[in-house]
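Below are the chains, spelled out letter by letter.
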Amino acid sequence: MFKEKFQEGIISARDFTRDDIEYILAKARKMMTHEKNSELLRGKILATLFFEPSTRTRLSFESAMHRLGGSVIGFSSGDVSSIKKGESIADTIRTVENYSDGIVMRHPLEGAAKMASRFAKVPIINAGSGSGEHPTQALLDLLTITEEGLKLDGLNIGIMGDLKYGRTVHSLAVLLSNYELNVYFISPKELMLRNRDKEFLRQSQIKFKEATQYRDILSILDVLYITRIQRERFADIEEYERVKNFYVFTEEDLAQTKDEFKIMHPLPRINEISPEIDNSHKAIYFKQAFYGIPMRKALLAELLAD
Amino acid sequence: MFKEKFQEGIISARDFTRDDIEYILAKARKMMTHEKNSELLRGKILATLFFEPSTRTRLSFESAMHRLGGSVIGFSSGDVSSIKKGESIADTIRTVENYSDGIVMRHPLEGAAKMASRFAKVPIINAGSGSGEHPTQALLDLLTITEEGLKLDGLNIGIMGDLKYGRTVHSLAVLLSNYELNVYFISPKELMLRNRDKEFLRQSQIKFKEATQYRDILSILDVLYITRIQRERFADIEEYERVKNFYVFTEEDLAQTKDEFKIMHPLPRINEISPEIDNSHKAIYFKQAFYGIPMRKALLAELLAD
Amino acid sequence: MFKEKFQEGIISARDFTRDDIEYILAKARKMMTHEKNSELLRGKILATLFFEPSTRTRLSFESAMHRLGGSVIGFSSGDVSSIKKGESIADTIRTVENYSDGIVMRHPLEGAAKMASRFAKVPIINAGSGSGEHPTQALLDLLTITEEGLKLDGLNIGIMGDLKYGRTVHSLAVLLSNYELNVYFISPKELMLRNRDKEFLRQSQIKFKEATQYRDILSILDVLYITRIQRERFADIEEYERVKNFYVFTEEDLAQTKDEFKIMHPLPRINEISPEIDNSHKAIYFKQAFYGIPMRKALLAELLAD
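Protein chains in written order, with the working numbering: chain C, 405 to 710; chain X, 405 to 710; chain U, 405 to 710.
Be aware that a few hints might be false.
Copies of the same chain look alike in the list, so a pair counts if it fits in one copy or across any two.
[What the hints assert, rightly or not] In silico DMTMM-like pairs for lysine to aspartate or glutamate, Cα to Cα no more than 20 Å straight-line:
1. Lys407 x Asp640
2. Lys648 x Glu491
3. Lys525 x Asp682
4. Lys518 x Asp419
5. Lys525 x Glu603
6. Lys613 x Asp601
7. Lys518 x Glu552
8. Lys691 x Glu491
9. Lys525 x Asp601
10. Lys434 x Glu706
11. Lys662 x Glu426
12. Lys602 x Glu551
13. Lys662 x Asp682
14. Lys568 x Asp640
15. Lys409 x Glu636
16. Lys407 x Glu426
17. Lys593 x Glu614
These aren't lab readings, by the way, just hints derived from the structure by calculation.
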């Protein structure tokens with residue numbers, strides 16, 4: 405059923421019902437109990453088309469594909485592809501679909517993955533589309549939360565950083581709206597959630613508040629999800645300079661939190677979290693990278709297996 | 405016999421007789437009736453050395469290699485290789501031949517592949533050498549024409565666009581010269597076929613004409629093969645600006661063509677063909693990408709299998 | 405024992421005793437008598453993180469990994485990785501270790517590999533760290549010398565070129581200090597060995613001399629190891645221009661050498677060795693590339709096999 409519903413691919417967190425999320429979380433958990441490697445996708449080819457640079461997401465998908473016995477082709481920068489020669493997304497996709505059984509795509513434009521899926525005969529996985537979405541990151545974030553001992557229903561979660569341009573945050577908020585929980589959006593005024601995102605959340609009846617400081621609410625949070633202020637999203641470099649050091653989470657902050665509190669970050673981080681807390685059991689941002697593999701194995705298995 | 409003749413690799417379309425072409429076309433057709441994947445090249449390593457960016461050709465070769473069970477190493481831009489440190493082609497080749505069983509190479513200089521083959525102990529496949537040649541593209545073009553219901557002998561084919569710098573066009577014209585057909589070369593005056601290319605064609609006794617307009621002859625054509633005006637080949641950007649919009653093939657043009665007419669393009673396209681005709685059965689440019697896989701599987705199997 | 409000692413990886417030539425060297429040379433020799441391909445590392449993933457460009461070293465490791473049945477993920481330039489977004493080495497490593505069973509890393513900073521190994525749970529292989537070290541190159545150099553008919557004990561070896569910034573040279577000198585031999589360091593005054601390197605060599609009691617000319621001693625040498633003057637290491641381009649043509653080894657020079665004399669170079673070369681001697685049996689620089697594969701297979705097998 406998941407397979408049929410998502411046969412065109414994983415485009416937006418908005419396509420996921422609570423049942424869809426629970427299904428893929430369960431599948432990812434099963435991947436963790438299996439042998440590390442399998443031959444499930446032997447003979448399948450995944451194309452990773454990264455029009456924007458990435459370490460984490462690209463290597464994570466490629467590792468997951470290899471663990472499942474499959475092969476990988478692709479590029480890691482728009483510079484080395486035909487986009488440089490002026491080719492449209494539609495043309496690139498209608499070409500590459502002949503070379504592969506599925507396409508993972510990152511692109512600087514919002515809506516790029518959706519447009520790609522309209523033209524493709526193979527599944528498209530959105531690995532980040534401009535400031536819009538990054539649904540597989542949000543799925544692995546939910547896997548991390550639940551595997552690290554917390555429940556989604558009843559959760560008090562703060563999401564802090566660049567809520568305007570942060571695609572990870574947008575997809576995460578949308579997935580969370582399927583649960584009964586409280587979200588605190590924390591950001592400088594310039595980087596608050598966009599109206600259209602707030603509208604979606606209001607319609608979904610999720611309870612959320614907005615704030616510009618995290619210290620007041622720190623003691624009630626179960627999770628604080630921090631994101632990087634992304635220089636590359638700012639047209640105005642002065643605006644970036646003004647907000648880039650808005651938050652630096654330190655050991656002192658950590659002392660204010662509950663015992664079961666967890667701090668998360670999709671990485672890369674610049675200075676939003678002080679390295680002095682990296683070894684705390686409350687810091688689970690490197691575990692997110694770990695949980696990325698079973699989640700991506702689950703998604704690839706679901707979409708590409710015969 | 406093909407294997408012996410081409411043991412140094414696929415360097416130039418000029419090395420192909422009609423028998424050679426028919427042999428490799430037949431082998432590519434056989435690839436299409438086989439299982440998608442095989443283990444024929446298990447344990448073999450293909451090096452893809454792209455000193456110039458490419459999406460299509462590189463990913464097509466890599467996909468073909470994986471479908472045959474082989475592995476791939478390489479680079480996708482001259483920037484990340486030792487060429488940047490000033491290394492000669494000969495030295496790069498004499499190094500990489502130790503790491504691989506065959507080398508696919510694209511290079512900005514005409515004659516680069518030929519020079520590489522002189523130094524290499526493993527087969528070299530020319531994936532584009534400057535404005536000179538792109539023989540494997542021409543071979544897949546012939547596969548496309550014949551698989552899409554047309555015969556090469558007796559064909560009326562127009563080749564339009566950048567005939568001066570277009571390496572695809574040069575290799576295609578040379579391969580076609582092995583058949584009894586009529587070629588119409590259509591281009592702005594600045595981008596006509598070079599004298600040395602015309603001389604070769606005259607010697608081969610192929611019948612060809614040159615024109616600067618396609619509308620007059622459209623109704624007699626079986627195939628119109630359009631190429632991109634390549635900005636990167638122009639030393640003079642003003643010359644590029646003057647000719648870049650010379651041709652835009654539209655629905656109106658398509659209406660003037662025969663029933664069995666086909667329009668082809670090696671891609672990427674910029675605006676030479678209006679997207680409004682993409683879904684016509686006469687538009688087979690995305691099928692060319694499809695036929696690239698069996699043709700490259702055939703070539704790799706021929707050159708690399710024990 | 406080697407496996408236990410080097411479980412954190414191959415970081416510095418200084419970690420190697422004579423026994424360690426002999427052990428891995430023997431293992432590399434065994435790789436040369438085995439079948440070219442094996443399934444020893446089937447299911448293992450190697451991450452190649454090249455923050456600096458490389459053809460040779462990266463492709464050599466990737467080829468070795470494929471020959472052992474393993475898979476590869478990675479990047480070939482710092483531009484396409486999260487380093488560009490400002491991520492620390494520690495964070496990159498703590499992420500990528502979740503995706504792979506071992507990491508090969510090249511980085512512009514001296515000490516980068518050592519720092520990486522402090523954070524990593526998987527073995528790190530130093531594929532070049534700034535002007536500091538390049539230990540696997542030095543190991544393959546020793547394999548080349550011994551396989552090409554020379555003995556390390558009693559050897560008269562000249563090492564010529566950029567001894568200040570040349571990482572290959574630093575690792576080679578350190579490995580050689582485990583043997584009873586004579587080293588002649590030859591360089592322009594500006595590029596002599598650094599004091600700290602000389603101090604280490606003095607402590608190891610290796611016999612060495614420094615010179616600015618090679619012609620006087622050419623007739624007593626068994627090996628002359630020439631390195632490129634690396635433009636990218638010079639802060640001052642004028643200094644580079646002054647020294648870049650200091651040495652050009654020609655046929656005339658070769659005529660002055662012993663019968664069993666060998667000339668080596670880690671490549672890429674610019675003009676330090678005249679191409680006219682490439683075909684001499686005394687020129688074994690392309691064989692170094694050949695011996696890189698068995699040495700890297702030996703190292704990967706040792707570090708990554710279960």
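* Checking against the hints above, which ones are violated? -> 1, 5, 7, 9, 11, 12, 15
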